[in-house]
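Given these sequences and hints, build the entire structure.
Protein chains: 2
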Amino acid sequence: MEQHYLTKRAALVNEALGFHAPELKHPPVIFEAMRYSLMAGGKRLRPIMLMAAADAVGADGTAFLPVACGLEMIHTYSLIHDDLPAMDNDDYRRGRLTNHKVFGEAMAILAGDGLLTLAFETMLRQEGVDPAVLLEVVQKIAQCAGPEGMVGGQVIDLQSENTQIAPELLVDMHERKTGALFRAAIWCGGKLGGATESQLADLERYAALFGLAFQITDDILDVTGTTEEIGKPAGSDEKNNKSTYVSIHTLPGAMRLAEQTVAGAEACLVSFGDKAEPLRALVRKLISRKN
Amino acid sequence: MEQHYLTKRAALVNEALGFHAPELKHPPVIFEAMRYSLMAGGKRLRPIMLMAAADAVGADGTAFLPVACGLEMIHTYSLIHDDLPAMDNDDYRRGRLTNHKVFGEAMAILAGDGLLTLAFETMLRQEGVDPAVLLEVVQKIAQCAGPEGMVGGQVIDLQSENTQIAPELLVDMHERKTGALFRAAIWCGGKLGGATESQLADLERYAALFGLAFQITDDILDVTGTTEEIGKPAGSDEKNNKSTYVSIHTLPGAMRLAEQTVAGAEACLVSFGDKAEPLRALVRKLISRKN
Numbered sequence: 076m077e078q079h080y081l082t083k084r085a086a087l088v089n090e091a092l093g094f095h096a097p098e099l100k101h102p103p104v105i106f107e108a109m110r111y112s113l114m115a116g117g118k119r120l121r122p123i124m125l126m127a128a129a130d131a132v133g134a135d136g137t138a139f140l141p142v143a144c145g146l147e148m149i150h151t152y153s154l155i156h157d158d159l160p161a162m163d164n165d166d167y168r169r170g171r172l173t174n175h176k177v178f179g180e181a182m183a184i185l186a187g188d189g190l191l192t193l194a195f196e197t198m199l200r201q202e203g204v205d206p207a208v209l210l211e212v213v214q215k216i217a218q219c220a221g222p223e224g225m226v227g228g229q230v231i232d233l234q235s236e237n238t239q240i241a242p243e244l245l246v247d248m249h250e251r252k253t254g255a256l257f258r259a260a261i262w263c264g265g266k267l268g269g270a271t272e273s274q275l276a277d278l279e280r281y282a283a284l285f286g287l288a289f290q291i292t293d294d295i296l297d298v299t300g301t302t303e304e305i306g307k308p309a310g311s312d313e314k315n316n317k318s319t320y321v322s323i324h325t326l327p328g329a330m331r332l333a334e335q336t337v338a339g340a341e342a343c344l345v346s347f348g349d350k351a352e353p354l355r356a357l358v359r360k361l362i363s364r365k366n
Numbered sequence: 076m077e078q079h080y081l082t083k084r085a086a087l088v089n090e091a092l093g094f095h096a097p098e099l100k101h102p103p104v105i106f107e108a109m110r111y112s113l114m115a116g117g118k119r120l121r122p123i124m125l126m127a128a129a130d131a132v133g134a135d136g137t138a139f140l141p142v143a144c145g146l147e148m149i150h151t152y153s154l155i156h157d158d159l160p161a162m163d164n165d166d167y168r169r170g171r172l173t174n175h176k177v178f179g180e181a182m183a184i185l186a187g188d189g190l191l192t193l194a195f196e197t198m199l200r201q202e203g204v205d206p207a208v209l210l211e212v213v214q215k216i217a218q219c220a221g222p223e224g225m226v227g228g229q230v231i232d233l234q235s236e237n238t239q240i241a242p243e244l245l246v247d248m249h250e251r252k253t254g255a256l257f258r259a260a261i262w263c264g265g266k267l268g269g270a271t272e273s274q275l276a277d278l279e280r281y282a283a284l285f286g287l288a289f290q291i292t293d294d295i296l297d298v299t300g301t302t303e304e305i306g307k308p309a310g311s312d313e314k315n316n317k318s319t320y321v322s323i324h325t326l327p328g329a330m331r332l333a334e335q336t337v338a339g340a341e342a343c344l345v346s347f348g349d350k351a352e353p354l355r356a357l358v359r360k361l362i363s364r365k366n
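These protein sequence lines map, in sequence, to chains A and B. Numbering of the first sequence is given in my numbering, commencing with residue 76 and proceeding in unit increments. Numbering of the second sequence is given in my numbering, commencing with residue 76 and proceeding in unit increments.
Honestly, the hints are just simulated from the structure, not real lab data. Incorrect hints may have been included.
Which copy? The list can't say, so a pair holds if one copy fits it or any two copies do.
Computed list of lysine to any residue pairs in SDA-like fashion (alpha-carbon distance at most 25 Å, straight line) [claimed, not checked]: (1) K317 x G179; (2) K350 x Y80; (3) K215 x R200; (4) K314 x D247; (5) K215 x A138; (6) K100 x E211; (7) K100 x L244; (8) K215 x G203.
The model shown is predicted, which means the values in this text are computed figures rather than measured ones.
Structure (structure tokens):
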């Protein structure tokens, strides 16, 4: 059932993304460049999280596809810009050439800018939601994606290149760079679905632990995964002398910590009963993921 | 009076920008980089246009400073990214070093991303407006700034480098690259101020002619202005063999066309009476501008 749910939701997201970022608009090349990265077949984790959080509070998550798609566009723009020569200078992403390798650096910058802007246009097109709630939701996403959130995390990452950074700063960086969008997805799904304040508080605790478990398993995969599986050079953290959960806690320690964090995240969902099954599936899947 | 009005409004915008993009947030360097370009003292044309359009329909334009500031942030992010080595590779902007020359290329990309995202956060914070109207307004701005608008114009510009492009495509490029944000400013000011459909139609015609007059005078300045005045190398259009209103119509012809276009823009404002004085001042000022 779990697998079926996630696969079905990912297919819905893919279809909606294709609709909101169509092929034939003018000028075609910018839409081609945007779609090259957007339709490259990610896990669609953030949109699925948003829908699963709405499900958890008794709504139908699929009613919020435009907002969910906006999150994926924001995630994708950040990957395109992160890969640029001036940033991480990566040639491959998910086994395919990065955006600037195919379309050139200038077009990749503009494809990122275009996706970020289109994300807001798409989210604001969401129908069937009280306008005041939609404003609050999109504002939350902007805050989590901006200089105090994801962009700020990228800045910290940039500043800590080739330096040993303090563990607190490392946690801060991950909480912003990847955690902020996870938190936005969960909070917004709950809010759109009509969550009570107490439900939102439970969801926020879940989202924080999800982000932590995601990062721990990311660090584990860098050690245990193959370059092919993880889509980037395996062992790069150790090579770059990076502080990770594995370097701090050892591999078995990090694995135990990941399991405890996942259990903690599941524990936040008790009051939601069966409706939170998709959220449980999502966090449990982190432990067994290969990429 | 005109001068006084514009100066006062620009001061209000500067103050509000300082508030919405403060100095001390974490990480400080991204806010420093964003503010370096944002507070570099532009004319604040787009925010002032938005407020003047709201004035024209009988509202108090200063009530909409958050949305107005969002437009300036979007304009500023586009300048930072346009100046990047991969794009126009400019070292100076308004007589100061460009963002990437001071903060490096990676930080300049992130400063642009940060400003674009902060623009949406700031606009969505606008209070005292019917939420449904605010959603429509911010969506309009996203559409005008995105791949079908400003970003699309930049793509056309990029593709037409070192090629003689058709005059229609040149007009299309300018309408998107600079015109789209002008149109957004005027339309949103009218909408926020409570314009009727017929008033919005008049304002849209004004905005289109404003954009045209702006571009004609830009082409004229490239010929008549000094490098110091216009803040970029004078005569660069001719050097780059670009089609411009001057190359097509000759200098006196372009000047006449500019005057006619300004008169046409003023003619759209008849029904607004004295309340449209600021909008008239703005478009008349184009003819006498030096930068």
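Going through the hints against the structure:
In this assembly of identical chains, the alpha carbons of K317 and G179 lie at most 25 Å apart only when taken from different copies (23 Å versus 30 Å within one copy). For the identical chains of this complex, K350 and Y80 are intra-copy neighbours only, at 13 Å inside a copy versus 58 Å across copies, given an alpha-carbon limit of 25 Å. Proximity of K215 and R200 under a CA criterion of 25 Å is satisfied in both settings, with 16 Å inside one chain copy and 10 Å between copies. Only within a single protomer do K314 and D247 lie at most 25 Å apart by alpha-carbon distance; the minimum there is 22 Å, versus 50 Å between protomers.
Both within a single protomer and between protomers do K215 and A138 lie at most 25 Å apart by alpha-carbon distance, with minima of 19 Å and 23 Å respectively. Proximity of K100 to E211 under the C-alpha cut-off of 25 Å is restricted to the inter-copy arrangement: shortest distance 22 Å between copies versus 30 Å within a copy. Taking identical chains as interchangeable, the C-alpha atoms of K100 and L244 lie at most 25 Å apart only when they sit on different chains, with a minimum of 15 Å there against 43 Å within one chain. For the homomeric pair K215 and G203, the shortest alpha-carbon distances inside one copy (19 Å) and between copies (19 Å) are both at most 25 Å.
When the structure is compared with the earlier hints, no violation turns up for any of them.
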